[in-house]
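**Q** My request is simple: use the sequences and hints to build the entire structure.
Here is what each chain is made of, one letter per residue.
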Amino acid sequence: MFLELFYGLRAEGVPLGMQEWLTFVEALGKGLHGCNLLKFYHLARSCLVKSEAFYDAFDRVFLKVFKGVEGSLDDITDSVLDWLKNPKNFPDLTPDQLAELERLSGDDLMRRFLETLAEQTERHDGGGRWVGTGGRSPFGHGGTHPTGIRVGGPGKSRSAMKVAEERKFSDYRTDLTLDIRHTRTALKRLRQLTRNGVATELDVDETIDETCRNAGEIELVFRPPRRNNVRVVLLMDVGGTMDPYFRPVSTLLTALHEERGLQSFESYYFHNCVYDAVFQRASLRRDTAIPTGDLMRRLDSRWKLIVVGDASMHPAELLEPHGCIDPRMTSETPGIAWLQRLVAHFDRVAWLNPDEPRVWDQSDTARIIRRLFPMHHLSVEGVAEAISTLVGARAAPAAKSH
Amino acid sequence: MPARVTNEDFRRFAGTAGYIASEALIDAVNCAVALERPLLIKGEPGTGKTLLARHVASALGMPMESWHIKSTTKAADGLYVYDTVQRLNDSRFGGGDVADIRRYIRFGPLGRVFNAENRHLLLIDEVDKADVEFPNDLLRELDEMRFTVVETGDEIIARERPMVMITSNNEKELPDAFLRRCIFHFIEFPDTTLMRQIIDVHHPNLDAKLLDQVLIKFYWLREQNELRKKPSTSELIDWIAALLRSGMTTAQVEEHIPFLGALLKNEVDTEALQKYDDRQGRYPTSWSDLGPRYNQ
Numbered sequence: 001m002f003l004e005l006f007y008g009l010r011a012e013g014v015p016l017g018m019q020e021w022l023t024f025v026e027a028l029g030k031g032l033h034g035c036n037l038l039k040f041y042h043l044a045r046s047c048l049v050k051s052e053a054f055y056d057a058f059d060r061v062f063l064k065v066f067k068g069v070e071g072s073l074d075d076i077t078d079s080v081l082d083w084l085k086n087p088k089n090f091p092d093l094t095p096d097q098l099a100e101l102e103r104l105s106g107d108d109l110m111r112r113f114l115e116t117l118a119e120q121t122e123r124h125d126g127g128g129r130w131v132g133t134g135g136r137s138p139f140g141h142g143g144t145h146p147t148g149i150r151v152g153g154p155g156k157s158r159s160a161m162k163v164a165e166e167r168k169f170s171d172y173r174t175d176l177t178l179d180i181r182h183t184r185t186a187l188k189r190l191r192q193l194t195r196n197g198v199a200t201e202l203d204v205d206e207t208i209d210e211t212c213r214n215a216g217e218i219e220l221v222f223r224p225p226r227r228n229n230v231r232v233v234l235l236m237d238v239g240g241t242m243d244p245y246f247r248p249v250s251t252l253l254t255a256l257h258e259e260r261g262l263q264s265f266e267s268y269y270f271h272n273c274v275y276d277a278v279f280q281r282a283s284l285r286r287d288t289a290i291p292t293g294d295l296m297r298r299l300d301s302r303w304k305l306i307v308v309g310d311a312s313m314h315p316a317e318l319l320e321p322h323g324c325i326d327p328r329m330t331s332e333t334p335g336i337a338w339l340q341r342l343v344a345h346f347d348r349v350a351w352l353n354p355d356e357p358r359v360w361d362q363s364d365t366a367r368i369i370r371r372l373f374p375m376h377h378l379s380v381e382g383v384a385e386a387i388s389t390l391v392g393a394r395a396a397p398a399a400k401s402h
Numbered sequence: 001m002p003a004r005v006t007n008e009d010f011r012r013f014a015g016t017a018g019y020i021a022s023e024a025l026i027d028a029v030n031c032a033v034a035l036e037r038p039l040l041i042k043g044e045p046g047t048g049k050t051l052l053a054r055h056v057a058s059a060l061g062m063p064m065e066s067w068h069i070k071s072t073t074k075a076a077d078g079l080y081v082y083d084t085v086q087r088l089n090d091s092r093f094g095g096g097d098v099a100d101i102r103r104y105i106r107f108g109p110l111g112r113v114f115n116a117e118n119r120h121l122l123l124i125d126e127v128d129k130a131d132v133e134f135p136n137d138l139l140r141e142l143d144e145m146r147f148t149v150v151e152t153g154d155e156i157i158a159r160e161r162p163m164v165m166i167t168s169n170n171e172k173e174l175p176d177a178f179l180r181r182c183i184f185h186f187i188e189f190p191d192t193t194l195m196r197q198i199i200d201v202h203h204p205n206l207d208a209k210l211l212d213q214v215l216i217k218f219y220w221l222r223e224q225n226e227l228r229k230k231p232s233t234s235e236l237i238d239w240i241a242a243l244l245r246s247g248m249t250t251a252q253v254e255e256h257i258p259f260l261g262a263l264l265k266n267e268v269d270t271e272a273l274q275k276y277d278d279r280q281g282r283y284p285t286s287w288s289d290l291g292p293r294y295n296q
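Protein chains in written order, with the working numbering: chain C, 1 to 402; chain S, 1 to 296.
I should point out that these hints are in silico values taken from the structure, not numbers from a laboratory.
It cannot be assumed that every hint is accurate.
[What the hints assert, rightly or not] With a Cα cut of at most 25 Å, we get these calculated DSS-like pairs of lysine-lysine: (1) C:LYS188 with S:LYS275; (2) C:LYS188 with S:LYS129; (3) S:LYS209 with S:LYS70; (4) S:LYS265 with S:LYS70; (5) S:LYS265 with C:LYS64; (6) S:LYS265 with S:LYS275; (7) S:LYS209 with S:LYS129; (8) S:LYS209 with C:LYS188; (9) S:LYS129 with S:LYS74; (10) S:LYS275 with S:LYS129; (11) C:LYS188 with S:LYS74; (12) S:LYS275 with S:LYS70; (13) S:LYS230 with S:LYS209; (14) S:LYS265 with C:LYS188.
**A** Next comes the structure, spelled out in structure tokens:
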């Protein structure tokens, strides 16, 4: 039963290994669950789950694995509690008996508890098998069973199942929402620290070396502090099929704007595909147009490019000359050529697609663009992945399959 | 520490008079105490993460040592700092025995806790402020509770294994290897019941009607998605203090939000609410205005 929890969590993608599991087992061994399902729930969660992003997954798995347990407990406790009133004092057990009791695993215990209850019809005191008081049976209270199931007594407040059922942590799931805090967390990794600029920081090692060379006369050596050297340009697809994604895109834009660590950041807009010009404003008015060629001349190859767009359009818009859907803007060069130029020009590129990854392959143009750009989903996880393609170790240029 | 921790030991921390903790939090604290693992506390700013450490320390009767992490903090700073510049200076200008390196070893919070006679609580505050690799650099020290001073070869071993609490505002992801060793708890934002208890600790005997209005306004503000920085518990408590000092009446709080500056710390947010005023937006006055989630 408990292993089901372990594998259930792993199947839900909760990062969980033997170390967490052993911690949990150790905690159970110390009786920290207090034989109370809510405590057990808290204990399991604090030992096994290490991020609030997975609290919701934990709730779901916990519900699935333990659903039956509590239901059956609730039905029976009322009558069982009567048997447990006025407990008898517990007898002394021989070490052998204690050892035998300790061998029972939680799994067996719960099963035997339910079986025993099903068979039991009256009150028992001081025995070794039935649910009762003062005995060495694992069930009941006032007894000496070390890992037993406590029935009744103090401590019960809110039910663990109720807590799990509320699922109030669903907001924290990272695969769903692109909330500003999570985005900022992800963007913090857009870092490449280099030393350049004015030397203002005391370099102790060099100072010592220089002082020694200087025969003990102190010689202070300064060096420039480490600064983030990442420059990012963001190109955003607006209008049409992108309208429903206004919120996540603007969240990303806000977060990038506020990311103080970046050396420089610029953002431009386009519709469906990048052609001769990109726009400074989302209105795509002609007077805010910047020729794409100028953009590439001004922003040298140290810049990193992030494109946000659903990459789905009519194939002609991507592949043919004069493909631009906007009649005011005709462009002899097909969109795909512009995209190829962008990829070739910038240091690293990434494409964030707000569509669900499973529908990407339904669009021919998205398939073609994925050959050029590493494509990631516009979610917290996807942004984090995209950032590692932008600053992490260089991966193979081929598009990553999802 | 006895071989088997009984339930009574486990309930050692049960919140204190000055700090109201949820049951899940109490369980997590006690679990960390019993298993002697570091306790990692995450949560929105202003939910009392740092305060918790102080109260756990007083509840368990341990002295506390805090280590506030900044973006420039290195893991080694927590162990000890070898003050080379001082030694260099002394060697040049004469000032004590330069040959004795130990004079120039200054222990950091971790080093002091290890050297201490009795069991301490060590708070590593805002661990996410530091470099991404920072927590990894502390793994061995926190696991084995020992480190070596390279310059002198001295090995510092903790006499009493300290209880370690770590807080994080979630600005950076923490490394997996580090997380694996911790007991984790996320402080969720208090619901109205818990919030009433918390307020009662700070402002006892508050007028019930005023408290209702205060909470309605507060939770309403938190529901507004336009706000960049939602007000938190600590801001609420300050706000109530401001209301009480100025002698605001319930009616005044009912129709408007006075001293908005105590709740909203962002210019854009204040402007947003100003605009709401200009549009003659209505402020909620009863729990039913906030919708079914807040049925009292």
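**Q** Against this structure, judge whether each hint is valid.
**A** To see whether the hints hold, each was checked on the structure:
A distance of roughly 32 Å separates the Cα atoms of LYS188 (chain C) and LYS275 (chain S); the hinted pair therefore is violated under the 25 Å criterion. For the suggested pair LYS188 (chain C) and LYS129 (chain S), the alpha carbons sit about 11 Å apart, so the restraint of at most 25 Å is met. Of the pairs offered as hints, the one joining LYS209 (chain S) and LYS70 (chain S) is violated, with about 42 Å between alpha carbons and a cut-off of 25 Å exceeded. Under the criterion of a C-alpha separation no larger than 25 Å, the hint pairing LYS265 (chain S) with LYS70 (chain S) is consistent with the structure, at around 22 Å.
The hinted pair formed by LYS265 (chain S) and LYS64 (chain C) fails the criterion: a straight-line CA distance of about 43 Å is larger than 25 Å. The hinted pair formed by LYS265 (chain S) and LYS275 (chain S) meets the criterion: a straight-line CA distance of about 16 Å does not exceed 25 Å. At most 25 Å may separate the alpha-carbon atoms for a hinted pair to count; LYS209 (chain S) and LYS129 (chain S) exceed this at roughly 41 Å. For the hint pairing LYS209 (chain S) with LYS188 (chain C), the CA-to-CA distance comes to about 44 Å; that exceeds 25 Å, so the pair is violated.
A threshold of 25 Å between alpha carbons decides the hint, and for LYS129 (chain S) with LYS74 (chain S) the separation of about 11 Å falls inside it, so the pair holds. Between LYS275 (chain S) and LYS129 (chain S) the CA atoms are separated by roughly 35 Å; this puts the pair beyond 25 Å, and the hint is violated. A C-alpha spacing of about 18 Å is found between LYS188 (chain C) and LYS74 (chain S), which places the hinted pair at or below 25 Å, so the restraint holds. Simply put, LYS275 (chain S) and LYS70 (chain S) have alpha-carbon atoms about 37 Å apart, too far for the 25 Å limit, and the pair is violated.
Proposed proximity of LYS230 (chain S) and LYS209 (chain S) is supported: the alpha carbons are some 24 Å apart, at most 25 Å. About 23 Å separates the Cα atoms of LYS265 (chain S) and LYS188 (chain C), which keeps this hinted pair within 25 Å; it holds.
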